[in-house]
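Construct all of the structure, not just a fragment, from the sequences and the given hints.
Residue numbers (my numbering), protein chains in the order written: chain G, 23 to 169; chain B, 23 to 169; chain A, 23 to 169; chain F, 23 to 169; chain P, 23 to 169; chain L, 23 to 169; chain D, 23 to 169; chain E, 23 to 169.
Worth flagging that the hints you see were computed from the coordinates, not collected in a lab.
All the pointers check out, no bait thrown in.
The list that follows gives simulated cross-link-like pairs (lysine-lysine, DSS-like), each with its CA atoms no further than 25 Å apart: (1) E:Lys75 <-> E:Lys109; (2) B:Lys107 <-> G:Lys109; (3) D:Lys109 <-> D:Lys75; (4) B:Lys109 <-> G:Lys75; (5) G:Lys109 <-> B:Lys75.
Covered by chain L, per the in silico footprint, the following chain E stretches (three or more residues, Cβ under 8 Å): (6) 79-87; (7) 100-111; (8) 116-123; (9) 139-152.
C-beta: ideal position from N, C-alpha, C; glycine also.
Number of protein chains: 8
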Amino acid sequence: MLNVYLSGEIHTDWRDLITAAAAGLDVTFAAPVTDHAASDDCGVAIMGAETDKFWHDNKGAKLNAIRTRNAIANADIVVVRFGDKYKQWNAAFDAGYAAALGKSLIVMHGPDHQHALKEVDAAALAVVQEPRQVVEILRYVISGQLP
Amino acid sequence: MLNVYLSGEIHTDWRDLITAAAAGLDVTFAAPVTDHAASDDCGVAIMGAETDKFWHDNKGAKLNAIRTRNAIANADIVVVRFGDKYKQWNAAFDAGYAAALGKSLIVMHGPDHQHALKEVDAAALAVVQEPRQVVEILRYVISGQLP
Amino acid sequence: MLNVYLSGEIHTDWRDLITAAAAGLDVTFAAPVTDHAASDDCGVAIMGAETDKFWHDNKGAKLNAIRTRNAIANADIVVVRFGDKYKQWNAAFDAGYAAALGKSLIVMHGPDHQHALKEVDAAALAVVQEPRQVVEILRYVISGQLP
Amino acid sequence: MLNVYLSGEIHTDWRDLITAAAAGLDVTFAAPVTDHAASDDCGVAIMGAETDKFWHDNKGAKLNAIRTRNAIANADIVVVRFGDKYKQWNAAFDAGYAAALGKSLIVMHGPDHQHALKEVDAAALAVVQEPRQVVEILRYVISGQLP
Amino acid sequence: MLNVYLSGEIHTDWRDLITAAAAGLDVTFAAPVTDHAASDDCGVAIMGAETDKFWHDNKGAKLNAIRTRNAIANADIVVVRFGDKYKQWNAAFDAGYAAALGKSLIVMHGPDHQHALKEVDAAALAVVQEPRQVVEILRYVISGQLP
Amino acid sequence: MLNVYLSGEIHTDWRDLITAAAAGLDVTFAAPVTDHAASDDCGVAIMGAETDKFWHDNKGAKLNAIRTRNAIANADIVVVRFGDKYKQWNAAFDAGYAAALGKSLIVMHGPDHQHALKEVDAAALAVVQEPRQVVEILRYVISGQLP
Amino acid sequence: MLNVYLSGEIHTDWRDLITAAAAGLDVTFAAPVTDHAASDDCGVAIMGAETDKFWHDNKGAKLNAIRTRNAIANADIVVVRFGDKYKQWNAAFDAGYAAALGKSLIVMHGPDHQHALKEVDAAALAVVQEPRQVVEILRYVISGQLP
Amino acid sequence: MLNVYLSGEIHTDWRDLITAAAAGLDVTFAAPVTDHAASDDCGVAIMGAETDKFWHDNKGAKLNAIRTRNAIANADIVVVRFGDKYKQWNAAFDAGYAAALGKSLIVMHGPDHQHALKEVDAAALAVVQEPRQVVEILRYVISGQLP
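Okay, structure coming up:
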C-alpha cells in the first residue's frame, strides 16, 4: 500500500480527479485542509483572536503544520501541484521539506512555470502536467502496468 | 564560529550589506551562485547543450544543487530572503529543505508578502525585514549583545 | 489515525476530559502511569527496596522511562500540560525530549505560567489553556472541521 | 577536546566557578545568554515591539533558541544546573532535548530538589551538587585523573 | 512477518522459484517491474517522448526509482541476484543502497562472478548460488528450522 | 502492543517462564534460534561446508545476525539474560547494539556477575534477577499495575 | 573546502588528470587503493593466507571497505567513473551506497555505457564523460566560475 | 586523519605496542581509562560513597560511559581486544555499540576465543591476533602500503 500526500494548490479539483481515477489502486491519499477560510482562520478560531495579522496567520500556519508535517512524514510519495494563481510558497516549502526527508517527489505544473520551477523539478523523480499522469504513475509503480 | 547560508533573492545587494555589517563577527557566509546567467547556463556550459529548455534547466539546477545542498547541510543558520520579483520558488524550497533538516531558519521579507509566506514564517525562529536585523541577530546569538 | 501522548500533570482529570470529548475521533491516547503512589514506588516494588531515597527514586524513574520514551517515540503529537502544583520538571523534560525528536508539540497551561514557560511554548505548534481546545485541534487536524 | 554546554540557572556564578577551575583542561564551554534582561527582551529589541506579552516572550524565546539548540547540537556533554529560584522549566526542557539527542548529561542540584528531579536525574550519566564536581568529572573524562 | 525485496536480474524465473518455494512462510516479497520493455519505456509512455536516448532512459529510471527505493526502504532483507548477461550495474547499485541503509543483504550468483563481486559479497550476511538456498535462509530466519 | 526481544543465554527455560507468565499481556516476544546445534551449523548446512572452523562459524553467525538484528530493530524493549555458563559475549554484544539504537534495555543476571556486568547494567533501564520480575515490569509498563 | 571521493575504475590515469587540473582549488581528494595487486591481496597479506579464493577475496574486500566507507562518509561529493573493462560492480555499489547517504553524486562514463548505467545516472546530480568536466564542475561549485 | 578507539582488555600493554608502532601514521588514538582502580572507583570518588556495591559500580560505570561513548562516537575505527582474563563483557558491549553506529570494527583475540566470539567477529571488517596486525591495517588503510 502506498501513502501519497497531495500538496499544493487548493483552488481547482485536481485532488478529486486523482482520487477518482485511482479508485481500485492500493493507495491512501492525504491532503492539507483545502477549505481556504478554515485553513486561514483555524488558529484564532480555536486558540483566540489576534489583533496583529502576523500572529493571526502564525497561529493558523502552525496548526496546519501539525497536519502537514505528519502527513509528509508518513508519505511514501509526495505530489506537489503548482497552479496559476498566488505565490504558492507553501507548496515549494513542502517540496523542499519532502526532498530533505528523502521522499519520492512528483511535481505537477503547466509549461508556463517550467523555468521558475527548475530547482523543484530537479529534486523530483517525475514531472507531469495532468492529474491523469499522476494516476498512471501510481498504477505503474504498484503494478508495472502502463497506460 | 557560525556557518550561515544566505539563500534566496539574487537581484539586490542584501548579501553584501549583511557581510559588510557582520565584519568582525565569527561568522562564515555561504551563498548560491548569484550570477544569474552563469547559474542558468552552468549545466549546458559544462556538460553540453540541450535542445529542450526543460533539460537545459534541469542540468543547471542539478549542478547548482551540488553547491546548495552542501551549503545547507553545513549551515548552522539558514537565512532566506524573499524579494519583490519573480516566483522565488527555489527560495521557499530551500526553506523547506532547511526546516526538515532542523536548521535554524531566519526569513527576511517585506510586509507585502506576510500572508503568502505564513507557512514559511511559521517554520522560522526569526522573521525580519532588513539585512541590518539579520546582523543584529547574529551578533546577539554569538555575543549576547543587543543593538 | 493519530497517536497522541498526554504528558504532564497527573492531579486533575484533564486526560479524562480530553479522552471523553475526543470520542469518535480516530485517535489513540497514551499517558504515563497516573497513579502517583505506584509511579513513585514501582522500581522498588518490583526490583527490591533501597535505603537511599535517591536510588529508590532512580529505580522508579527509569522504570517509568520505559513506558514514557516508548510512548513519545510512537506519538505523532505530544500534549504537555502544566498545572498549578509541584515543580513539574518531568513535564518540561518530556517537552524537550519530544521537541528534539521532531514531534508536534501542544502545550497547555494557564496564563500564570506564560512567562516561565516561554521556551517550552516557543517549541510548540500550539499553546492552549483548556482540554476542550486540544480536542478541537485534534478534530481540525484530522477532519479540517472547526468548532 | 570536549565541547560542554552549561545550561540552566543564571542567577549565581556557577558557570564562572566551573570555567575558572577548568583552566588548563582541553574544554570549550558554551552557555545561554546570561544577561536576564537581554535574554527576555532580545526579540522585540531586534524585531520590533509587541503589545501582547505572549508574543514579546515568544519572539525572544525563539531567538534564544538559535543559540541554545546550536550549542546543544555541538556539545559532547550538557551540564544542567537547577537552583533555588523560579520554575526553571527551560532547564528541564534543555535536559530532555539533550537526552533525546543522546548527549552525555550531567545534572547539578541541591538535595532539596532530589525527588522533583528524579526523571531528569534518571536520564543523566552523573548527578552532582557542586561546580567543583563538574570539573572533577571533566578532568577524569579527559585524563583519567581522580581528585 | 518479513519483507523481502528481490533485486537484480530479470531474465530468468528465479523470483518465481523463490516465491513458490516460500509458500507457507510469513514473507511478503517485492520486486522491480520485471517486464523489460515496460521498465525501459515507462517514463516516456507516461510523461511524453524524448528525442535523446539519455533523457528517454533518465525519465524511465527515475520513475522506476519510485518503486525501487520505496521497496528497499520497506524491506527487512534485500536479495540481489547477479546473472550471466548484461552489466547489471543497477543490481550492484541496489546492493550498495541497501547496505548503506543497514538492510540485511543476501547476494546470489554463480561461481564465475565470485572475484568480480567480492566487494558486494563482503557487504552481505549471506552469499548463495541457488534460489532454494534463499528460501532455506528465510525459513531458518523465521522458524529456526534447517533443511 | 510491545515488541520484546529476549536475548542471551539459551540453556535454561527462562524464555518459557516469561512467555507463560506474560499470557494475557499485549506483548509479542521474539528470540534468537535457541537450538544450539542448529544455531552453530546453520551457515554450512545451507551454504556449504567449510574446512576452517573460523569460516564455519562466520557463516553461521552472519546468518543468525539476519534474525537477530531484525528483531532488535523491531523491538521496543530488549531483555538480555546472562547465565552461569560460557562467555556469553554475544549477549553483551546485543546489549551494546540495542543501547546504541536507543532501545529500552532490561538486564537479568544473578548477583555473582554484578561487578563484571556493571557497564551493561549502567546502560539499562532495569536490572533484575528473575524472569518473574521481567513480567512484572512488562505488566507495569503496559497497565500501571504493580505486583 | 570540498571533500571529493574518486571511486571506480583503477586502470587509467583519470584520477591524476583530475587532481592535476584541480590544482589551486580548495578540494581534498580521496580514493581507494589503486594498486590492483595490493588491493586484491591485502587481507591475506596482513591477516594470513586462505586456501579458498572466496575467503581470500572476502578478507581483502572487507579490509578495503574500512578505507572506502570512511572516505564516502566523509565526502561532500562522490565521483564514480566507469571504464571499458571488467564488471566494475564495486563502482556501482559505491554509487548506490553514496546515493543512500545523500551524497552529491557525479558519474563519469563514455556513451557506450549510457543505457546500462541509466539507474546510476538517474541518481546523479551530474553525468559527464571527461575528467576535465569534473574539474569544471568542482570549480563552478566552489567559485561560480564557468569554463 | 583517522580516529581510532582502542577498546577492551586493560591488563596487558597492547595499546602501547600499537601506539608505538603507529608512530608516523596520521592516526589519533583514544582509549578508556586503563587505571583499573581509578576506573572502578571514579564514581564514588567524585560523587560520594555508596554502601551498596551495585550503586558504587553504577556510579563509576556511568561516569566512564561519558568518556567511552564520546570516544566511540568520534571514532572512524573501533578496535576491540579480548584477552585471557575476566568476563570482558564491557568489551563485547562496546563492539555491539560500535557496530550499531556503523563504525568500522577490528577485533583482536587469540585462537582460544574464536568460537565464543563468532558473533562479534561476524560484525567486524577485520579479525586479527596481534597488535602488529592492527598497525599494518591502519598503515594500509591510510597509505595503501602492505607490510
